[in-house]
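Since each chain comes alone in its own frame, lean on the hints to assemble the complex.
Below are the chains, spelled out letter by letter.
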Amino acid sequence: MPESILKLQDVAIFQAQNLILSNITFEVKPGEFVYIIGKTGSGKSSFMKTLYGDLPLKQGYGHVVDFNLKTLQEKDIPFLRRKLGIVFQDFKLLSDRNINNNLKFVLKATGWTDVVKMDAKIEEVLDKVGMKTKGFKFPHELSGGEQQRIAIARALLNDPELILADEPTGNLDPQTSVEVMKVLQEINESGRTIIMATHDYALILKYPHKTIKCDQGKMFEVIQKAV
Amino acid sequence: MSQYIERYQRRRLISSYFSVVLSIGLVLFLLGILGMLVLNTKKLADHFKEQITISIFLKDNAKPIEIDQLQKSLAMAEYTKSAVFVSKEDAAEQYSEDIGENFQEFLGYNPLKNSIDVNLNADFVAPEQIATIADEISGKTYVDEVSYDKPLIELLSDNVRKISLWILIASGVFTVIAVLLINSSIRLSIYSKRFIIKTMQMVGATKRFIRRPFVLTNIKLGLLGALLALVSLTVVLFYVNNNFPELNLFQDMALLVILFSAVLVLGVAISWISTYFATQRFLNLRTDDLYY
Chain B
1 MPESILKLQD VAIFQAQNLI LSNITFEVKP GEFVYIIGKT GSGKSSFMKT
51 LYGDLPLKQG YGHVVDFNLK TLQEKDIPFL RRKLGIVFQD FKLLSDRNIN
101 NNLKFVLKAT GWTDVVKMDA KIEEVLDKVG MKTKGFKFPH ELSGGEQQRI
151 AIARALLNDP ELILADEPTG NLDPQTSVEV MKVLQEINES GRTIIMATHD
201 YALILKYPHK TIKCDQGKMF EVIQKAV
Chain W
228 MSQYIERYQR RRLISSYFSV VLSIGLVLFL LGILGMLVLN TKKLADHFKE
278 QITISIFLKD NAKPIEIDQL QKSLAMAEYT KSAVFVSKED AAEQYSEDIG
328 ENFQEFLGYN PLKNSIDVNL NADFVAPEQI ATIADEISGK TYVDEVSYDK
378 PLIELLSDNV RKISLWILIA SGVFTVIAVL LINSSIRLSI YSKRFIIKTM
428 QMVGATKRFI RRPFVLTNIK LGLLGALLAL VSLTVVLFYV NNNFPELNLF
478 QDMALLVILF SAVLVLGVAI SWISTYFATQ RFLNLRTDDL YY
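Residue numbers (our numbering), protein chains in the order written: chain B, 1 to 227; chain W, 228 to 519.
Since the hints were made in silico from the structure, they are not lab data.
Any given hint might turn out to be false.
As the list claims (entries may be wrong) - Rough simulated footprint, nothing fancy, chain B against chain W, three-plus residues with beta-carbon under 8 Å:
#1 426 to 435
#2 507 to 519
To be verified - Selected chain B positions facing chain W (in silico; Cβ < 10 Å):
#3 Lys75
#4 Leu94
#5 Ala155
In this text, all values refer to a predicted model and were calculated from it rather than measured experimentally.
Just so it is clear, CB atoms sit at the ideal spot from N, CA and C, and this is done for glycine as well.
Chain W on its own, in the form it takes in the complex (with noise of 0.2 Å):
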């Protein structure tokens, strides 16, 4: 009977136990996923500005070496990323391929110009600077256009900006909800035990005494809930990389080692600074204000 008490006391012991550590998993998970989104917030808007087409319309009466100076001039560029010719040829046939009728046999001609498509390093995708690029290209007599999405550049970059700033501004909340939370799920754990804390107070233990274990249990608790955190993210993050590899999460090794010990720490620091105070709490209390 009495073994099976105690096997239904563990089980309740290890349920409400349970509950911690999945409350801290669960609030660590989720910051270690906008401290990912922090750290690759630039990544990522570099890979939407590296997205962004200028396309250099070259003149019917162009020739083969200025074209190719241009192109080699344009790699040799500290803003390119790529530049590609498309013949006027290619581009007649994409574009057929993309109306789904041949034009060059209703209009018997190919109105299309041969053209440099260039994708710029991000770094150099804001409207002043491609607008700059755009102006020295165009000078050349043998260009015909330089063409390129304004609006969207300008969009882009505003909206990077503003992302960036909500992303930090969000890390920030989120962060002092995670504590908060974590700290309530550790209080109400303590809450449960405020009269058993005052018994062990009349017994003669200190404070100390009777603080240590609860420290020590919700510390492990902590490391679980991090550790429960950190497989979480490592399982996203390679479920990440698989889907955009473009993304390149496992090139800076080092950030994301900064990154999970963060987790790691602020499991371990949550739990203890908040289970101290906790306990605190009810063994600076007299037994008649318990009942409150």
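Looking at chain B on its own, in the form it has when it is part of the complex (with noise of 0.2 Å):
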């Protein structure tokens, strides 16, 4: 049995001294996709940043690829960060340059010195998700599903261990984002771990996985019913 990528014990979270979620008790093994549902306001979010240090985990017990979370200190959270792939709702792409540049900036952030392998890196990443062509481009130039796909390319550059998508989906039409999840998906069955957050149903049913559900403060997992 291999051992977890995320483990959280009887976990509060708190949006500063706002209890938000309390007794989460789950895990999540490498491999798997889980997706964390429930209404805005619910705590999805909350719960997230949590997982990437943005939000100090105040009770309970947490351990994200190979960082406790309990003990986290504000200089290990660049490093917690860099083995994790973080895709936002808005993106979140550095708009004063251009993708090829986006990408470069987070391999050099991350340690990368060496050129050649950065851009082969890049190359592959763009590939993967199908803007191999777009490097050139400023992410204004694109539209909001090719800059979440550069955003998902983004996060794979240094082949995390697991994938945080908060609500990937959220700013894109229908269409869009079942080629997002495609994406998303295509990544998940090349074996890495993705928790997305997400309120989109439809897409849930379409490709259904292990559920996670944030309401009245408590979070639980969901069995999915075939429509």
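See the structure below:
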């Protein structure tokens, strides 16, 4: 049995002093695809933020890709994020540079120095998300779906053990959402673990996976029924 | 299209950098002018003090040898900058020129006296010292009267003291304002990039890695601003020196070099420190706090 990529025990999620979610206990194994669902304001994003160190874990035990969230120091957060690939609803690409330079920034920031290897890696991830020819474009020259593909490519740069996608289809139309979802699906099939927060139930039905629901301050697994 | 966008972005970036450089340059230029003023306050005060003349009027029966001796002893005295003998005829001519009519024709004689006009060294232009000098000279039998503008000297001494104090206070206040202005203009330029900074953190960049390009860019802008200030300062210095050569602005080159270096160091240091703290502020904020 492989070790857990994510292990939470009696975790409570706080936004400043406000308790958002409590008594969270669950595990994610390598290679799993897990949906986090719930209404807007149910605590999905706060939960994700706690996993990538943007909110501190104040209560309970949490372990993400070899990092103990409870004892996580400020200086360790960049190194935790290098082991994660984070995809945001609003893409969060660097608007002041083109796609190639967006990706190159991540590689340089995470210790890559060999220009040839960097170029090869950028080409590889862009190819994976079907955006090989768009490297010279600026983020604002791309459609929402294309920007999200780039954001996914960026998340793949350092071969992360876990990809956290916080409502990656939230800003996209249904058809583009399916396209982005297909990309995530392929990435998961290649062996990567993905936790995706979403309230797009159509996607969940189309691509069924383990689903955890945030509701009334609790998180619990729900079983999907075939429609 | 992409090249056009890139060119447009670069132009926009250059114009935003330009305003930072300009504000740093202007503030440092004014600070440099104030520095020049501080360095030259004494020189300027001395310049005015040395314009004050003491007139020693000689009795009509004073012998030429006595006048000559007095003039020589005055020339050798440490308080004298210059001592010029003005004969009663020259004085009458000058006075007639000043009033525009020949008063001798009207009076029938020249009532003026021979005199020696003495300009003092600035260090001796103080009410008490001038009084002592005047008393000493008045004691001579062939001296009729020693005349000087006593209220003007008191006013001058008082004003020089006040102005020196206020220039010092103004320099202190202005230095603080300069630091605050440069700091706020840099903080604003970094504030506009706070979301980019946060995104950089999200992809695993360390604070140091994110901060470095911001610090380097702003040090360059600070350096450019300081150079702009120094060029303007040099132009002003040459202009003032040409119009008021008596100020001898280029006399003390070491002080000028110190002033120019201080402006340069200040420009770089303020930019560096401001950028460090401005980026650090946004690096330490949680994503949600960026919206406040």
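Hints and how they fare:
A stretch counts as covered by a chain when three or more of its residues have a beta carbon under 8 Å from one of that chain; for the segment 426 to 435 of chain W and chain B the count is 9, and the coverage holds. Under the rule that three or more residues need a Cβ within less than 8 Å of chain B, the assignment of the segment 507 to 519 of chain W holds, with 3 such residues. Interface hint at Lys75(B): satisfied, since its Cβ lies 8 Å from the closest Cβ of chain W, which is below the 10 Å cut-off. Taking 10 Å as the C-beta cut-off, the interface hint given for Leu94(B) holds, the closest approach to chain W being about 6 Å.
Hint status for Ala155(B) relative to chain W: holds, with the closest Cβ pair at about 8 Å, below 10 Å.
Comparing the model with each earlier hint shows no violations; every hint is respected.
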